[in-house]
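Trainee: The listed protein sequences derive, respectively, from chains A and B.
Quick note on numbering: numbering that gives the first Met the number 0 labels position 123 of the first sequence as 122, and the sequence is numbered without any gaps.
Quick note on numbering: numbering that gives the first Met the number 0 labels position 20 of the second sequence as 19, and the sequence is numbered without any gaps.
Calculated directly from the structure, the hints in this document are not laboratory data.
Keep in mind that the hints are not guaranteed to be accurate.
As the list claims (entries may be wrong) - Computed Cβ-Cβ distance ranges for the label pairs, DEER-style:
#, chain 1, residue 1, chain 2, residue 2, range
1, B, K36, A, V145, 45 to 51 Å
2, B, A108, A, G107, 30 to 36 Å
3, A, L6, B, R173, 36 to 42 Å
4, A, I4, B, L93, 35 to 41 Å
Heads up, the beta-carbon is just placed ideally off N, CA and C, and yes, glycines get one too.
Take a look at the letters that make up each chain.
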Amino acid sequence: MAHLIYLCLFWEFFQVGLFSVGGGLATIPFLADMGRRTGWFTQAQLTDMIAVSESTPGPIGVNMATYAGFLTAGIPGCAVSTLGLITPSVLVILLIARFLQRFRHSRGVNAVFYGLRPASVALITAAGITVTRLALFSPLNWKAVVLAAAVFLCLQIKPLGRLHPIVFIALSAAAGVLFRF
Amino acid sequence: MNLLPDLFITFARVGVCTFGGGYAMLPVLQREVVSKKEWITDEELADCYAIGQCTPGVIAVNAATYVGYKKKGGLGGILATLGVVFPSVLIIGLIAAFLQQFAYLPWAAHAFAGIRACVCALIFTSVLRLLKTAVIDIPAAALYCAALLASARFGLSPVLVAVTGGAVGLAVSRIRGWRT
Chain A
0 MAHLIYLCLF
10 WEFFQVGLFS
20 VGGGLATIPF
30 LADMGRRTGW
40 FTQAQLTDMI
50 AVSESTPGPI
60 GVNMATYAGF
70 LTAGIPGCAV
80 STLGLITPSV
90 LVILLIARFL
100 QRFRHSRGVN
110 AVFYGLRPAS
120 VALITAAGIT
130 VTRLALFSPL
140 NWKAVVLAAA
150 VFLCLQIKPL
160 GRLHPIVFIA
170 LSAAAGVLFR
180 F
Chain B
0 MNLLPDLFIT
10 FARVGVCTFG
20 GGYAMLPVLQ
30 REVVSKKEWI
40 TDEELADCYA
50 IGQCTPGVIA
60 VNAATYVGYK
70 KKGGLGGILA
80 TLGVVFPSVL
90 IIGLIAAFLQ
100 QFAYLPWAAH
110 AFAGIRACVC
120 ALIFTSVLRL
130 LKTAVIDIPA
140 AALYCAALLA
150 SARFGLSPVL
160 VAVTGGAVGL
170 AVSRIRGWRT
């Protein structure tokens with residue numbers, strides 16, 4: 000039975016890899032859903048995961064899978080969940096590599112992605128709402144609300160917005176300690 | 000150097016040098032894979048990204064698989080992919096193990112409360128950027144609103160939302176007579 004958890008992890012992350020389209024943050028809604036269904040990690044842990052993934056090198060989706068795998072099944076979990084996540088990408092690219100150009104210009108493929116992209120951004124927005132509700136409003140944390148608003152405004156200003164996220168994450172951690180969030 | 004280990008090591012280096020996901024990886028890939036190794040051209044790399052956006056999964060993984068496959072077939076694709084994820088797995092494994100040790104300390108709890116507030120701001124900034132490329136006309140905007148409602152209000156499964164989105168996209172394009 001002990002091996003069953005690895006099988007579940009692989010299958011869950013295989014689905015994330017197959018259905019999340021458009022970069023690392025697209026994995027968040029799938030992970031939020033996974034946490035709710037399986038109880039492997041809480042939504043608060045998911046938020047920590049996002050912060051760690053943004054502050055370490057490597058693709059964010061892979062970092063998230065590794066972290067979730069660790070919380071669920073330790074070091075072997077890291078490897079299994081990451082393999083699950085990347086297997087669909089590898090299979091798809093190996094399958095279409097021969098006729099890549101034709102695939103890219105296929106009207107059918109473009110049509111599907113025309114609808115898939117807004118759906119994917121909507122899912123990320125919904126996950127963002129969940130994370131925000133949890134981090135700022137349950138219970139209401141005024142200091143955190145002010146900090147989140149300040150960081151958001153800074154990110155919209157051109158030169159500041161180009162700074163690496165790790166700068167904002169480190170400063171926010173310092174603010175959290177300093178003002179006892 | 001033998002090409003197979005070279006693929007693994009080069010892509011592991013790309014993985015280490017990249018902070019912040021697939022798009023941050025583009026300049027690193029340009030330097031390592033296009034300029035230094037000359038494994039692919041700039042045009043091919045641009046194609047990789049376009050394809051990465053319209054195939055499932057992590058964009059960086061798609062690029063690694065493509066380059067590896069082109070140079071050394073299926074095995075090359077797999078080795079390049081394992082190379083690009085290897086540093087992440089190692090680093091995150093260490094951090095996750097370490098975080099468990101001190102997560103219960105009061106100052107760490109304060110720090111993480113601050114970090115969580117910051118993550119909210121980061122997510123919505125990314126959403127604004129993504130909206131510009133994804134919501135390009137009125138049907139796409141309507142689809143975005145419907146998907147948001149389905150997910151945030153009614154808790155529909157993300158898989159279902161994604162599949163429905165793709166199907167609606169296909170239907171809308173069909174109605175427009177395959178306009179390109």
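Trainee: Give a verdict on every hint.
Mentor: Going down the list of hints, with the structure as the test:
| no. | hint | verdict |
| --- | --- | --- |
| 1 | B:K36 - A:V145: 45 to 51 Å | holds (48 Å) |
| 2 | B:A108 - A:G107: 30 to 36 Å | violated (51 Å) |
| 3 | A:L6 - B:R173: 36 to 42 Å | holds (39 Å) |
| 4 | A:I4 - B:L93: 35 to 41 Å | violated (22 Å) |
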